[in-house]
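J.: What follows is each chain in one-letter form.
There are 2 protein chains.
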Amino acid sequence: MSIHNVAIIGLGLLGGSIGLAIRERAPDIVTTGYDADADVRKRANERGLANHIAETAAEAVCKADLVILCVPVGAMGKAAEEIADALPDNAIISDVGSSKESVAIALANALPGRTIIPAHPVAGTEQSGPDAGFPSLFAERWCILTPPEGADEQAVATLAEFWEKLGSKIEIMDAQHHDLVLAVTSHIPHLIAYTIVGTASDLEEVTRGEVIKYSAGGFRDFTRIAASDPVMWRDVFLNNKTAVLEMLGRFTEDLTALQRAIRSGDGETLHELFSRTRAIRRSIIEQGQDDERPDFGREH
Amino acid sequence: MSIHNVAIIGLGLLGGSIGLAIRERAPDIVTTGYDADADVRKRANERGLANHIAETAAEAVCKADLVILCVPVGAMGKAAEEIADALPDNAIISDVGSSKESVAIALANALPGRTIIPAHPVAGTEQSGPDAGFPSLFAERWCILTPPEGADEQAVATLAEFWEKLGSKIEIMDAQHHDLVLAVTSHIPHLIAYTIVGTASDLEEVTRGEVIKYSAGGFRDFTRIAASDPVMWRDVFLNNKTAVLEMLGRFTEDLTALQRAIRSGDGETLHELFSRTRAIRRSIIEQGQDDERPDFGREH
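Residue numbers (the numbering used here), protein chains in the order written: chain A, 1 to 300; chain B, 1 to 300.
Among these hints, one or two may not hold up.
Only some residues are given here: those of chain A computed to face chain B with a beta carbon under 8 Å [said to hold, decoys possible]:
id : residue
1  : R41
2  : S201
3  : E204
4  : K213
Below 25 Å or equal to it, Euclidean Cα-Cα: the simulated DMTMM-like pairs (lysine to aspartate or glutamate) are [to be verified]:
id : chain 1 : residue 1 : chain 2 : residue 2
5  : A       : K241      : B       : D202
6  : A       : K165      : A       : D152
7  : B       : K241      : A       : D266
8  : B       : K169      : A       : E205
Worth flagging that the hints you see were computed from the coordinates, not collected in a lab. As the structure is a prediction and not an experimental result, all values here were calculated from the model. Just so you know, even glycine gets a beta-carbon here, dropped at the ideal spot from N, CA and C.
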């Protein structure tokens, strides 16, 4: 079992990058793309995000042996309904959503009896839309597959092989654990970045101009993440509510403890934490998940 | 009045970068460097961070017309005491500390009657020590001068001109306002980055290995900031307590409001904030305070 024909539904950063990565790394695979927005379809055609751009979702999937839904997690159910009647019998249906339990339910409801293997390539940038994608987005990044209980093992292996061709490393876990892990490595970081950027924009004593001028003191790192796609992220928080609220509770507890240390002048507690957090960055760099150049290699 | 002889006390990221920037951009100025750590002095000599490396702080400053203290803000008072008796009469004393009200008090107490013009170049990376500095650190970055009331205007102008030579843009404000502005653009971002990295390291349900593997989902951006110098940052929080606690209160209020929006499924509130925060990043890039390449231009 191997993949010859991939349908990509949704041609933003992720969908576009999949199309470009296939063209570069697996050119034998034929791609058909579709996006609900006609302007995005036009731009996708110009950039060559897929070999063919279809005018309807049904047309895009009718010959596919792998369909990848690349729409916000809140739109997965509707996207699945649109393709239900046109899907070939043996097609694998997958996605790239950042929360997996809710997506698994939405897809199972819309496509009963189908081979559904949800997936999440942990990769992205702050940009979105049909101009944002690039072929190396998935290189050396982890792609997490969350097959439901009793999933076809051959289909899981086929999907894993597909993502490996695009440069990804594969991990398999259950959807619930995925949602907890990503709550802490992705969703809470986005939530607090959005929050501090919002807080800084709304102050009376400090002007917006001052916030911008002095952003090099640390704030600007947060604005990158807080420039991510609003609809995608709204859907993530609404669809991974339990894990996000759980991890947010832990974060708030820890922040309150530091607040107390600052108020009471407890330098030892501060120093102990600030020393400990360096180690984790070293590991991230050693494992190729970030750039070791100072300041992310920003030009100086 | 102009600067011919600069003493740099403390040869880490900031002190070293000042020395290297002078060598590149103002080679007529003679620099003398000192660091309390003999290993740092040795390395500073090898890298040429200053024209001369002195064996004592007093020796370093005895011919200076500008002394710049580049030590953690909690060590400013002690560093000032060490140079008090050796300072030439007309020397300007300045610093690079990230909090300014407490530094102004420490310097005024240690050096009564002297010309003290505190300063804060808003620039840095996550690295520290004598190998971290580079000559373009201050280019296009803002340097904030916080002259005390009644400060010698000529000395302020001379210091401003000096920083402009190193590539900085100059702003003058009072120390209290500085501390409030930097609390939001630098200190709170560091505090929440340290917190979330600590939270992620201490979870039982999610392993450290998982946090590292899936850090590309957003978390890794926070680890950069949380790799900053622990002593420097401990001192910042202890010395800018009032403004940090005030701004932390605002952040926590806003975070609680978002928590409520997630719990109640209020997508509109989330979407409204997530859309608004994009604008501030655009302004930061337009004003040359960050890199517009996606993902900070990390290599893909």
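J.: With reference to the structure, classify each hint as holding or not holding.
T.: Each hint tested on the structure:
| no. | hint | result |
| --- | --- | --- |
| 1 | R41 | violated (22 Å) |
| 2 | S201 | holds (6 Å) |
| 3 | E204 | violated (10 Å) |
| 4 | K213 | holds (5 Å) |
| 5 | A:K241 with B:D202 | holds (21 Å) |
| 6 | A:K165 with A:D152 | holds (20 Å) |
| 7 | B:K241 with A:D266 | holds (11 Å) |
| 8 | B:K169 with A:E205 | holds (22 Å) |
Consistency with the previously given hints fails for numbers 1 and 3, ordered from lowest to highest.
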